[in-house]
Amino acid sequence: MESYTIKNLMFSYPQQERIVIDGVSLSVSKGEFVVLCGPSGCGKTTLLRQLKTVLAPHGNRKGNIFFEGKLLDELDQREQSSRIGFVMQSPENQIVTDKVWHELAFGLESLGYSTPAIRLRVAEMASFFGIQNWFYKNVSELSGGQKQLLNLASIMAMQPSVLILDEPTSQLDPIAAADFLSTVGKINRELGVTVILTEHRLEEAMPLADRVLVMDEGKIIADGMPKEVGQMLDRENHRMFYAMPVPMRVYAGVPNNLDCPVTVRDGRQWLDLFSKDHVINSEKINSHVALTSDISPSVEIKEAWFKYEKELPDVVKGASFAAYPGEILAILGGNGTGKTTTLSLLSGLNRPYRGKVMVHGKEISNIPDSEKFENMLGVLPQNPQSLFVKKTVELDLYEMLKGKKLSKDEQHKRVRRVSNLCGLTYSYCRNFNINSNTPDYFYRSILFKRQKILFYISSHYFRNYDSFCHDF
Amino acid sequence: MKDAFSSYHPLVNFSYFVFVFAFSMVFMYPVCLGISLVCSFIYSISLRGKRAVKFNFVFLLPMMLVTAIINPAFNHEGATILMYLHTGNPLTLESIVYGIAASAMLAAMVCWFSCYNEIMTSDKFVYLFGRIIPSLSLILSMALRFIPRFKTRIKEVSEAQRCIGRDVSNGSIIERAGHGIRILSIMITWSLENAIETADSMRSRGYGLQGRTAFSIYKFDRRDKKALISIFILGMFVLIGGILGGLKWRYFPTMKGASLGIINISLWLAYMGLCLVPVIVHREEERQWKATQSKI
Chain U
1 MESYTIKNLM
11 FSYPQQERIV
21 IDGVSLSVSK
31 GEFVVLCGPS
41 GCGKTTLLRQ
51 LKTVLAPHGN
61 RKGNIFFEGK
71 LLDELDQREQ
81 SSRIGFVMQS
91 PENQIVTDKV
101 WHELAFGLES
111 LGYSTPAIRL
121 RVAEMASFFG
131 IQNWFYKNVS
141 ELSGGQKQLL
151 NLASIMAMQP
161 SVLILDEPTS
171 QLDPIAAADF
181 LSTVGKINRE
191 LGVTVILTEH
201 RLEEAMPLAD
211 RVLVMDEGKI
221 IADGMPKEVG
231 QMLDRENHRM
241 FYAMPVPMRV
251 YAGVPNNLDC
261 PVTVRDGRQW
271 LDLFSKDHVI
281 NSEKINSHVA
291 LTSDISPSVE
301 IKEAWFKYEK
311 ELPDVVKGAS
321 FAAYPGEILA
331 ILGGNGTGKT
341 TTLSLLSGLN
351 RPYRGKVMVH
361 GKEISNIPDS
371 EKFENMLGVL
381 PQNPQSLFVK
391 KTVELDLYEM
401 LKGKKLSKDE
411 QHKRVRRVSN
421 LCGLTYSYCR
431 NFNINSNTPD
441 YFYRSILFKR
451 QKILFYISSH
461 YFRNYDSFCH
471 DF
Chain S
1001 MKDAFSSYHP
1011 LVNFSYFVFV
1021 FAFSMVFMYP
1031 VCLGISLVCS
1041 FIYSISLRGK
1051 RAVKFNFVFL
1061 LPMMLVTAII
1071 NPAFNHEGAT
1081 ILMYLHTGNP
1091 LTLESIVYGI
1101 AASAMLAAMV
1111 CWFSCYNEIM
1121 TSDKFVYLFG
1131 RIIPSLSLIL
1141 SMALRFIPRF
1151 KTRIKEVSEA
1161 QRCIGRDVSN
1171 GSIIERAGHG
1181 IRILSIMITW
1191 SLENAIETAD
1201 SMRSRGYGLQ
1211 GRTAFSIYKF
1221 DRRDKKALIS
1231 IFILGMFVLI
1241 GGILGGLKWR
1251 YFPTMKGASL
1261 GIINISLWLA
1271 YMGLCLVPVI
1281 VHREEERQWK
1291 ATQSKI
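As they're listed, the protein sequences go chains U and S.
Heads up, the final residue of the first sequence is numbered 472 in our numbering, and it's a clean run with no missing numbers.
Heads up, the final residue of the second sequence is numbered 1296 in our numbering, and it's a clean run with no missing numbers.
Here chain U stands alone, though its shape is the one from the complex:
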């Protein structure tokens, strides 16, 4: 039986000519795990939201959607709420109440279940998701990964038959994201729930999927098993191919007739098989040569120690390193290992209680803020929304230059320079910045000031940071 059957769906937003969903037809059978992927702005989210009418945006819609054989529009709100689960991007914003247990019960309360029935379901879900240890906690004490898991659990408590997830891991760190996706896999396997997932971390999502759909410009351009999709995209030389897992890309780079690997394990097996009748050229690529010490470092941190409060444990324990001009330095680590805190030391937001932070050979605490952030350092916050003021990107760009003694021409010139650098087209600039893709273009306001050093926090937020690094 089919969970969803979509017939020739067309959709456009009101007062816009662009067709966001362009004649999509597909069906999803019960218990299937479908991954929907595609470049930003291809209509993934719009399509998913059409699958649950209470969340569907206003606009012109043509075509039919059937849910379990019935027309979706005829499904009443009660049934829709319980049978179609929808998890959104932001772990933070989806949570309504202040206590974990209350959040788990929220949907069931809405549906009007009695207290004993809710108690049973909540207890069941808490155990299934391993929430029992933080069941009584305040929501504000949870980590991002826990919050998203809570969102998932509170939807699963309503026992939906379909689970739709719209980029659920985009704001999680890699470890939490992997945990989250494996839980989604567990739901699919053990409860038989149909899963429709949009995801950018294909490396982890692909092995779980029964079927992969690739969307571009409102159309489904590829549909099939993960390995088939990879080959299809490769044949068409589509840009989405570069988002496929590494084993698939390696496979496509080598002419052969073997099966396409999806996971690393498959990839290794493929490589073994391949090397049996091929000679592998084991020439090594020289590793990047470290910059020599005759250039003075841009930023240097020497044995810095830091803790937030006297009684609390040290967060940064004797960190020392130097970054040289033109270098891209990455600080890696799991959650809570002190990455963000180290950056806050480098930017002078916090001060180490022992050790030194030097910028261009000067101690950072001796540089006044006005000089430091004018053309020395740029810091990109984790959440882009903390910088936006105006309603369009363009206005925001000009806002950054307000209060500077610059002529109109000079202002225009700078705005143009930055928008070109970041690949913002004119129409893009006119867009509202309330958009799921915000991170992609928000670094411009920092770039404005021609800083010498740029920090950014949690780059897992950025999808196209490759291009970013090149431009810079």
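Read the hints as simulated data drawn from the structure, not as lab findings.
Cβ coordinates follow ideal geometry from the N, Cα and C atoms, glycine included.
Just so you know, nobody snuck in bad clues.
Simulated coverage check for chain U against chain S, where a stretch passes if three residues somewhere in it have a Cβ under 8 Å from a Cβ of chain S: (1) 48 to 60; (2) 100 to 106; (3) 111 to 119; (4) 154 to 160.
One side only, chain U facing chain S, incomplete, derived with CB under 7 Å: (5) Asn93; (6) Leu349; (7) Asp369.
Given chain U, work out where chain S should sit, using these hints.
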């Protein structure tokens, strides 16, 4: 070990505190004040341990002393004159005693409130008052979620703004004010934007359907019933005794109180019993636990 009384139903916790607060404020009978003060000290120490000892003896006792001294310096009522102050005003026995009584009441109330804060957490409060107006409990719960979130976010925004030289700590006073407004503007836009997503999440989980119920994790057990009944019996006994004048005490012009008798003493004992309910409950559960352990 966590306090056993706090694991009782919120209704039991709340009615206990209602009685204790009311009696501590109303009964000025010296013995009652003494009972209230001593019991509040005992309970707060059993709840919060060392912190409470420190607070009670370093802060509360000196505060009591000061209030006790201040009263006779300004209050000259009373018939028993002990001496004349150098201003010519009389120092009376009644005013000294009244000062001590008032300060004991004040200290007991502060101490009881510290216990209340420990026991009646926000979710218990939300639960109790959500019973009266169901939609209020959701609003309170959402508000309690919003406040800490807003606080952390304001810090985040102001740090981000500081990194582009636009925080309240940068520039002249007028610029600073401008930056402050800017931060506030970002915060409001942000909150509104996020509220859209929260609303979506609520709607997708069926908020707005007919017949919403209110779930709570609290269960009213037999032990809750027992505790509630004992609190009520003790409380009502003391209350009726108090209304009938069994705990009356007059400070001015001369001190006079209800005469000593079996009924009076039984009232004191009942009052003490009421105040010590949580401590007794805690000890009892501890004893029970130990007893079951030793049988094995």
